[in-house]
Every structure is written in C-alpha cells, then in structure tokens.
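Protein chains: 2
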Amino acid sequence: MFFPEFDNSRLTAQLSGSRFTVVYRLAGDEQTSLAKAKDICAEQSVEFPVGILPDGAIPQQIVGRIEEFVPETENVYRAKISFADEIAAGEFTQFLNVVFGNISIKSGIQVAGLELSKTVFGLVPGPRFGISGIRGIIGVSGRPPLFTALKPMGLSADNLAKLAEQFVEGGIDIIKDDHGLSNQVFAPFEERVQRCAAAVQEANVKFNRKSIYVPNITAPSEQLLDKAHFAKEHGAGGLLITPGLTGLDQLRRLAAAKIGLPVFAHPAFIGSYVMSQEQGINCGVLFGTLMRLAGADATIYPNHGGRFPLSVQDCADIVQKSREPLEAFKPIFPCPAGGMELHNIDEMIRQNGKDMLILVGSGLFRCGDDLAANCRMFGEKIKG
Amino acid sequence: MFFPEFDNSRLTAQLSGSRFTVVYRLAGDEQTSLAKAKDICAEQSVEFPVGILPDGAIPQQIVGRIEEFVPETENVYRAKISFADEIAAGEFTQFLNVVFGNISIKSGIQVAGLELSKTVFGLVPGPRFGISGIRGIIGVSGRPPLFTALKPMGLSADNLAKLAEQFVEGGIDIIKDDHGLSNQVFAPFEERVQRCAAAVQEANVKFNRKSIYVPNITAPSEQLLDKAHFAKEHGAGGLLITPGLTGLDQLRRLAAAKIGLPVFAHPAFIGSYVMSQEQGINCGVLFGTLMRLAGADATIYPNHGGRFPLSVQDCADIVQKSREPLEAFKPIFPCPAGGMELHNIDEMIRQNGKDMLILVGSGLFRCGDDLAANCRMFGEKIKG
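These protein sequence lines map, in sequence, to chains R and E.
Going by the working numbering, the first residue of the first sequence is number 1, and it counts up by one from there.
Going by the working numbering, the first residue of the second sequence is number 1, and it counts up by one from there.
Treat the hints with caution; some may be incorrect.
Any copy will do: because identical chains look the same in the list, a pair fits if it lies in one copy or spans two.
[What the hints assert, rightly or not] Straight-line C-alpha distance at most 30 Å; calculated DSS-like pairs for lysine-lysine:
#1 381 to 106
#2 354 to 106
#3 381 to 330
#4 354 to 210
Treat the hints as calculated values from the structure; they're not laboratory data.
Note that the structure is predicted; figures quoted are calculated from it, not measured.
Next up, chain R with everything else stripped away, as it sits in the complex:
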C-alpha cells in the first residue's frame, strides 16, 4: 500500500467521464498485439504497473481503455484505446504525449486514427482560412490553384523578386519561398520579404492578377511571431512554416496568434514518423489531421511518383484527412509536391479533384527556357 493518503472520491469528482480515442495499428500475432494494446493503456498514462495502482479511478479512468481490438490483416491488429480528456491537461503538447509519447520508442505501433472529444478539439485553433479562405484571397475557383517555390538558395533577394515577378506573369497563384530560405546572408529575411512581396504586388497590377507571396518564417521560436508580423506588414499573402523544425506546437502558436494570413505547413524533418507502416504516425493523421488541428490552412506533402517514397494510399489518406468533415474545422488544401512535373498533373487531378494546391517547383525549369511560358503551360495543363 504505497499511497495511503490517495483520495479516490476527490479524483473521481475531477473526472468528467469524457474521453478521446486513438486508433493504433499493431504489428504481431493476436497475443503480441493484444499485449501491446494493454501496454499502451499504461505506458501512455500512469506509466506504472497496473497491479499496484491504488484501487478506483486511477485504474478505471486514468489508465487507457481498450474500446475495440480487431484484426486488420494477417499479423496486424487495430486497437481503439480511449483516454480521459483530463489527462491531456488542456495542452496540445500533452495531448501529443498521450497519443504517441513513450510508445514512439516501441516497435510495431503506428498511430492510425484519432477520434477526438470536444475538449481535445478545444485545445487547438484549427485552420483560420482553409480552402475557401485561400481561394477567396487569390480569387481562384473551379480549378486547383497553381503553386510554386522561389529557389535556388544562393540567389539574392533581388534575384528572387525577379523570379517572383516572372511567376506572376506566367499565372502562378501562390509563390512561396523554398523552405530552406530562412535568413541566409545572401537573401536575408527582411530584405527578401520586402523585395518579393513588392515584386508580386507590382506584377499583380501589371498583369491583372491576385497572386500571393508566402515567405518562410521558420525560425528559432523567439523570432517566429515577429517574422510573421513583419511579413504581414510588408505585403505577404501567407506564411510558410516547417513544424518538424520548430515543433508542431509552434504551428499551433502561429495559428492561435491570428496574424491574419493563411499558414502553409512544410513536411521537412518530420519524415521519420511516416517512413514505416509498422511504426510512427499514419501519413493521413500526421500531414492531414494533426497539421489541420494545429492550424495549417494548406499541408504540403511529398507526392507519390516524385522524388519521395510515399505510396498512392498514403497520399490518398492525406487528401482525405485534409478535407473530411472534422468537428467545426475548415477543410484545408492538400498540396502534393516533391518532384512533380507537368506530366503528373492529369493524374493528380484525377486522384484528388480540384481542391488541392499543385506545387511544381524545379519542374517549371525543366520544360523550356522561358520561365513565364513554362508557367503558362502549367496553367493550361491545370485549366485543361
């Protein structure tokens, strides 16, 4: 009897009874998978041997509860495990910890789905703009918006601004910084944002467009919101952040800060969570649900058929989770990317429909010497 002073009635009164559910995909035969499910219930909550817990609400409500355990395929099982809302403590960080904290270091466990409660939905801002908000800003309906990136690293702010102008001329709707452009001396953040935002605004007037420039504000956290405000003040039309580098919580913080610009999430550094079917977080949950909950209005991901190894199914999951009904959260743009070329566009539209951003970067430089003309070819492909 290690906890003689534990007051079970006090704890019971503090628990609402509301729970949220995580769906886990478990690798192993039935016995192994069931043992994993039982282990998750304790590992993600009390982290203590269940047999020596004080009786009452701790084993009954604080410890996770297996709500369903079913075979998926041979040697793969699905467990739905529910947790008391209160253990997420009103914090997005602690919610992530319950979902996949310690078990991120165990093998054969993948987060395959989330079925959340009002309390947990209330922990996150969700997307402020979503698909309809971004479409409104750029004035594009009825087709996928055209999306590209300013690159390569090493160009000056003026060089990048000149590129941005050509992109507007060619009809690109959304022009983002390459995610590696942060504050390098050859194109420092403030100078780059001012030059590129001004170039896009001038080109919009000249070519009668509503294109936007989306600078990369990924930075050490002390600078993140200042950069967001600077970008807004100087005419940027959106903000790019890489949550893998800053932490997912910084995406939440950015969206919660209500800067007044849509947020575009980039997948760099976070890939290790999705590189195995047996471990990590399902692509749709990570790039779809979690990015959306945390506040992304558009989620960039490496599409199948490009430079990256995600499968057709992985990408379909991301598209679905980005746009499916989810509490009161707006649907967000999935943005297939990562080595897309013009010849991939028909298939992308066939698979995903019109509510996506098609991100073609280097591909625009591969199909001819005239960049604006290449952009027009991109547009014609899409408007097809």
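Position chain E against the provided structure of chain R, taking the given hints into account.
For chain E alone, kept in the frame of chain R given last:
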C-alpha cells in the same frame, strides 16, 4: 539561362569558406548509395537540378560536397557531406533542416555523425551545468546519482509531495515529475511544484540531504519560460522538458534563457527517429549530441534490457556522445531509464562507469512494500 541577373562575385564574397560536415549512413549497393549521397548534396541545399544552376559559387559552395564515401558493411556506405556555414543562416532550426530536412522523407538515409564548425557550435547554448554542475548541486561525487520519478498520474499534489519526501528519506538525489504530469486538474502545475519543492526542502533538512526536485515544464510554448521561472522561484532544483513534444528548438530556447537550473531532456515522442538502423538519426547523435548542443545537462533515454528496444550499441553511442570532448561544451549525464530495476544496476555501472544518472521509477515499487527502504536498497546497490 534562368538567372541572368545573378551576381556570382557578390555571393562569393559573402561565403567564408568555412563548412560543417554531416556523416550519413546510406543503405544500398555502391551505385545506389553514391546516388543517394549526390542527391543529399542538392536536396539539403539548393533543392534544384544541379545541371541548370548558374555557374560559380552556387554549385561550387552552396550545394553540399561529398568529402568522403566509404563502404561500412555489405550494402551500407558512409558519406561525409559538407555544407557552407552560411546556409545554416545562424539558426538552430535551419541547421537541423540542412542536416535532415527533406531527406527525413527519403528511405535508406541515417544521420550517423556531426562534425561541426565554430559557426555552427555558436548557434546553440550547450549545457549550462553538465555533469560537474549537477554533481555540485546535489553534492554527490564518486558514484552515479540516484534518480527517480513521481508517479502515477492521478495522485494529488499532496500525494506526490508525500512520495517525494519518502524518496528523500530513502536517499534519492534527484526526483523528477513523471514526464506525463503537466497541468492536470488533479495535480496542477503550480500547486504541484510548490508542494513537491517544499516537501523536498523540508525532507533535506530532516534527513540531512541535498536532493533536488525537477518538475516537468513541458507545455505549450507561450507558457514554457513562465513555468521555468515559477519553478526556479519556488525551489525546484532542475527542469524537465520533452523536446519531442515542444520541438528541439524549445530546449535550446530554455537553455539560452539562463534560468539558473539544470535541464533534463526526456525522449518521449521523438522515438521514430531512432527506430530503424536504415532511416532517421543515430541514437548517439539524437540523444547525445543534439540534446547536448541544444542545452540539456542530462539526457534520459530508454536503456536496453528494459521496456524499450534500443540495442547495447545504441546505448553505448548515447553514453559516448554525452560525455566525449565536444568543442567547449560540458559533458552531460546520460540517464539510462525505461523499466530499469535494481538488478540492472551492476551491468549499467560496468558498461557506463559512474558518470551517469540511474533512473529507476516503477522499479522502486516492485521490490518491497516500504518505499524508503527500497530506495535505500537502490542506494546500496549503487554504492556497491
């Protein structure tokens, strides 16, 4: 000729020539691995087809450079790739992006080592206390300090404080919150910190010890530093943070803020980076080098032989990287944990020597009904 206005002499003048090196472990035969190495050079820098870059400093200096390419074992190669200091842009976040940004979403690439430059070392605070600083605070030399955790979740702040008192009585040197205790209604952060810090201080007087209480300050980023200051003001002796949940950059921010308390890093949520030998980041680099650079004074990791699957070699790598000479950075405590029991201690000491923290949590509840007596057994095991 896409970039007619690019000024190569301007860029050349902006590059110092200093470079940092990342060692990658590449899976595949020689041809495949070499292609991966070449791909990394562009993917992690210009993200652009090298053949159509403007001549000069971009392909020669901005693009990564293969410095060495050697076989490690059959179908595994090691490539040392150097990058210009300037592309890290003075930012820890962008440094991480160069090391493992987009390639985190490619298969068969593991970060196996870092050989950094003065500039890159200058991006991070490193540990403020390290092994010697923590030993000084708790007054322990010549043996591994005894480390445990307050749990299970569901206890009240008073219950946890009572536990902490028993731990001090039993001779535990460092008493941390379980990493899942954040701000739950049953033991809210401020109440818990005040009660537990006071209990440890009172017990120190009563039992003539110098034990410290290390609260978990992992939280949404708006609250992180406030929680750190609150903990310091109310008598905490260290701070626990889970960089996987907050982002590694928040560990850096915490250490850079000079709160005046040693920082303990917990491995939850970050496990997917180390779950494969073919993808991700080597255990030693992640839990050793990166945590240490970012500012951890002690790095908790799931030891082999417990509930987690890390190998003997993985753990040896963490111990080595925590303590090896690294610029002017202090050596930090490796903290083997994750299901350690008293019978594991002899082996841990044989493998790691005395400069580690031995974290036994639930194990202290498994070896008898008297907690303080169990702690004394733990101490006797360590003092040998």
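These are the hints, each one checked on the structure:
no., hint, result
1, 381 to 106, "between (45 Å within a copy, 28 Å between copies)"
2, 354 to 106, "between (39 Å within a copy, 28 Å between copies)"
3, 381 to 330, "within (28 Å within a copy, 57 Å between copies)"
4, 354 to 210, "within (19 Å within a copy, 65 Å between copies)"
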